[in-house]
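A.B. asks: So the chains spell out like this:
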Amino acid sequence: MMTETILEMRSITKTFPGVKALQDVNLDVRKAEIHAIVGENGAGKSTLMKVLSGVYPSGSYDGQIIYRGKEVNFKTIRDSEHEGIVIIHQELALVPLLSIAENIFLGNEQAKSGVIDWDETRDGARKLLAMVGLNEDPDTLITHIGVGKQQLVEIAKALSKEVQLLILDEPTASLSEKDSAALLDLLLEFKKQGITSILISHKLNEIKKVADRVTVIRDGRTIETMEKADVTEDRIIASMVGRSLEDRYPKREPHIGEVLFEVKNWSVFHPIHSDRQVIRNVEIQVRKGEVVGIAGLMGAGRTEFAMSVFGKTYGRNISGQVFMHGKPVDTSSVRRAVDAGLAYATEDRKQYGLNLIDHIKNNTTIANLPGVSRMGVIDDIVEMNVANDYRKKTNIRSSSVLQTVGNLSGGNQQKVVLSKWLFSNPELLILDEPTRGIDVGAKYEIYTIINKLADEGKGILVISSEMPELLGICDRIYVMNEGRIVGELAGSDASQENIMRAIVRAEGKTA
Amino acid sequence: MTTETATPAPTSSAGSLLKTTLRDYGLVVALLAIMVFFQFTTNGVLFKPVNLTNLILQNSYIIIMALGMLLVIVAGHIDLSVGSVSGFIGALAALMMVKYGIAPIPAAILCLLIGGVIGASQGYWIAYLKIPSFIVTLAGMLVFKGLSLAVLGGASVGPFPTEFQLLSAGFIPDVIGPITIPMGEGAPVVLHSTTMVIGILIVLGQVFSSLRTRRRRQGHGYEAEPFGFFVVKTALIAALILFFTYLLASYKGLPNVLIVMSILIAGFVFLTKKMTLGRRIYALGGNSKAAQLSGIKTERLTFYIFIIMGMLSALAGLIFAARLNTATPKAGQGFELDVIAAVFIGGASAMGGVGQVAGAVIGAFIMGVMNNGMSIMGVNIDWQQVIKGLVLLGAVVFDVYNKNKA
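Chains as they are written, first to last, in our numbering: chain A, 1 to 511; chain B, 1 to 406.
What the hints contain is simulated information worked out from the structure, not anything from laboratory work. For glycine and all other residues, C-beta sits at the position ideal for the given N, C-alpha and C. Don't take every hint at face value.
To be verified - Pairwise CB distance ranges, derived in the manner of DEER restraints:
id, chain 1, residue 1, chain 2, residue 2, range
1, A, THR76, B, GLY394, 23 to 29 Å
2, A, LYS75, B, VAL36, 37 to 43 Å
3, A, ASP117, B, LYS289, 49 to 55 Å
4, A, ASP117, B, PRO132, 32 to 38 Å
5, A, LYS31, B, LYS273, 55 to 61 Å
6, B, VAL117, A, SER319, 35 to 41 Å
7, A, GLY133, B, VAL400, 40 to 46 Å
8, A, THR76, B, LYS273, 37 to 43 Å
9, B, VAL400, A, HIS144, 34 to 40 Å
10, B, LYS289, A, SER495, 32 to 38 Å
Stated by the list, open to error - Below, a list of computed lysine-lysine pairs in the BS3-like style, where the Cα atoms sit at most 30 Å apart:
id, chain 1, residue 1, chain 2, residue 2
11, B, LYS274, A, LYS350
12, A, LYS392, B, LYS289
13, B, LYS297, A, LYS393
14, A, LYS392, B, LYS274
15, B, LYS403, A, LYS392
16, A, LYS392, A, LYS288
Claimed, not checked - Listed next, the stretches of chain A that the computed footprint assigns to chain B, with coverage defined by at least 3 CB atoms under 8 Å from CB atoms of chain B:
id, region
17, 341-351
18, 356-363
19, 372-386
Model the full structure from these sequences, guided by the hints.
C.D. replies: Here it is, written out as structure tokens:
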């Protein structure tokens, strides 16, 4: 058993104006281990990693960092990279219109007196790509490869810097199951070569698969570090939320009413490649008080379907009918879709869901300004009341409704998105990946909100790539593959195997 | 989380309050400081009633365009054509009134409409075809510069009818009649009493409305500043308004342009702070995709913003032409730079989504006072440009620095 310690962080305390982000955090990482850090969003994981990598320069925090036996004081990211510490952020930092090779050596160009040696660059890139198991031409542009492969390019880039300690901040958040598995295997491979990894993740099954030890951080403090043998999902969750979550999905007695929302014969073509049909004759319905899921792999067309229904915000040559309460409705613009009683909470809250530079109040009311105004004039008292009301209802943790949304954690941002759509008072809510990138505690709260809405008689359509989540909260699940509905399962019959079987069978048919 | 509070604190500490107030009113303080500086360096000329009146007249058209530019910049765009458009409209006005003898009022209305059409013709490409506004309005700048030369045939056209000149050179009539205040040994001051009365009414209105807002907020349990602080703040604002009204009243009273400008400023403050339309513009600039998915018709909104900008450029063109009493082919050249600078000095973000009307107006005055002060001091025009450029850069750097610190 190797017990050589590569990194020790001792009583790190980092204060932002008014907030103690980290308080006496201790972390020790052994050489060539995979050390997972878990914690709710806003617990301080990213802050800790920024302290470590020099984003917050030494002096701006209290405490000591001991790396490879000596105390280090990083002033910039460059300093830490120089020592072989490389951090890969959740939002990839690649330049889309440069090639893989150019990206790998960005800032570290293979050049002699300012002139780039392209052969060296390509050869080097090819070697690194082989190490991460990515079979792509180094001249391919980043924009032409998928997110999973982009992640591998980031790692190749880290390897080019002779990494000793690799920090990955939720590396699999936007990867498919297959890409995630490949990435985790790669980490195990690195471990054999003596590279240490710190893995920040929300996905507990991944942590169980690869991590040697797990440190839990809550409210800016280290709660505990467990050895692999002691790691169970329940224990991690209990430490993370500070209470034991009996069930990850709140119970609900479904009260299902008549058919509320129905889509018939829905077909959509790709917005740019107009001969490519993205959605083929989809037919679905949602009843009052029902939570319906759409399962499927990445690229199955679920988001495309939802957005094309919601105000034709995706695709062209859209055909088909939408019915509410059995009557055909026009959803050809967002305004009309909202008026018809639809709401769509996007999968990408930062890009499409929120105005990050504005505060909670203005984000809450933006989809229903007429609800807080008279003759185009906003009544600020009414608006404040509405915002406070929804902040309480969805349990947004913030100092006030005037806090900037960009400063909230992912879970709280998602609650702002929900507040916005709840205030537009929809009958049918389409939630696209409602818990992506948010922690267990916040997920539970989101599920509770979904249940409450269903109990109020609203219809809920949930798109999710996390099958356990769909199984946990849905009354019925549609399975989508390559733009078609390929299966429909009642909640009681549904299982991960059933869903996968439906997908695989459909794949067989189209092949 | 310790930040969870159900009921907001009723008052905040005096220290933090002073800090936020200073930040909110930082620009006002900067403007006053610059004015006091030039008051000394110009040996008291700056605050002379005649100079102050001039200052307003000289900057009115920049301020009016800055109002529209604020919307454009908050929406995440830019308009480089405003100077050329205002020059072109001035030329058209001269053509209509001087050459064809159209009466001033119908001609002015027609000019404003044409301004709107020009805005629409540029906004169309930007809003619906998603051509970058920088390019569309750069093209517009060249087109309208050329068109004003063509319309005027390369020569100045004037003079305008006297009624039209009143737009820029006129003052409100003193319906009450002047009051003479004896000044001991010095010459007595003759006050334009209507102006004084209007100033006092504005102060009363201001006090009344802030009291009412304060009561209403408190009635609903929302945070209010301590009463003492509120009194001092309101009194300072009232004193400032009264002081400037007094200065204006001791010359010829309120200029007509100031009335037009004040109504527009008030209207734009209302639009941006209270109206759904304004809120949607901020949402559009902050994240246009999110705005669109929230049901905001972002394309139409952008289109409207450029129409408004076109009409304001037209109004500015009319005012400038009336002030010079001729339309010259060079009119309006370079105005766009002053207008854009005013908006950025006023704290707007080049990324969109951030900016205040009051900031843009104060930004315009900062530029205006500097122009005026330096001219009186006899600073050469070349050095004036250098200093203005540095002030623009400095203001934005300071703003960004402050935001990063917070």
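A.B. asks: Could you run down the list of hints and mark each one as holding or not?
C.D. replies: For each hint, the structure was consulted:
1. With their beta carbons about 26 Å apart, A:THR76 and B:GLY394 fall inside the hinted range of 23 to 29 Å.
2. Checking the proposed 37 to 43 Å range against A:LYS75 and B:VAL36 shows it holds: the Cβ atoms sit about 42 Å from each other.
3. Checked against the hint of 49 to 55 Å, the pair A:ASP117 and B:LYS289 fails, with Cβ atoms roughly 41 Å apart.
4. Taking 32 to 38 Å as the suggested C-beta distance range, the pair A:ASP117 and B:PRO132 conforms, at roughly 37 Å.
5. In this structure, A:LYS31 and B:LYS273 meet the distance hint of 55 to 61 Å, their C-beta atoms being roughly 59 Å apart.
6. Roughly 38 Å separates the CB atoms of B:VAL117 and A:SER319, a value that falls within the hinted 35 to 41 Å.
7. Evaluation of the 40 to 46 Å hint for A:GLY133 and B:VAL400 yields a pass: the beta carbon distance comes to about 43 Å.
8. Hint check: A:THR76 to B:LYS273, Cβ distance near 41 Å, so the stated range 37 to 43 Å holds.
9. Between B:VAL400 and A:HIS144 the beta carbon distance is about 35 Å. The supplied range of 34 to 40 Å therefore holds.
10. Evaluation of the 32 to 38 Å hint for B:LYS289 and A:SER495 yields a pass: the beta carbon distance comes to about 37 Å.
11. About 26 Å separates the Cα atoms of B:LYS274 and A:LYS350, which keeps this hinted pair within 30 Å; it holds.
12. Restraint check: the Cα-Cα separation between A:LYS392 and B:LYS289 comes to about 27 Å, which is no more than 30 Å; the hinted pair holds.
13. This hinted pair checks out: B:LYS297 and A:LYS393 have alpha carbons roughly 29 Å apart, not beyond 30 Å.
14. About 25 Å separates the Cα atoms of A:LYS392 and B:LYS274, which keeps this hinted pair within 30 Å; it holds.
15. For the hint linking B:LYS403 to A:LYS392, the alpha-carbon distance of about 29 Å falls within 30 Å, and the restraint holds.
16. A C-alpha spacing of about 25 Å is found between A:LYS392 and A:LYS288, which places the hinted pair at or below 30 Å, so the restraint holds.
17. Interface restraint, the region 341-351 of chain A with chain B: holds (3 residues with C-beta to C-beta distance below 8 Å; minimum three).
18. Proximity of the region 356-363 of chain A to chain B, defined as three or more residues with a beta carbon under 8 Å from a beta carbon of that chain, is established by the 4 residues found.
19. A count of 8 residues in the region 372-386 of chain A with a Cβ less than 8 Å from any Cβ of chain B is obtained; the coverage claim is therefore met, three being the minimum.
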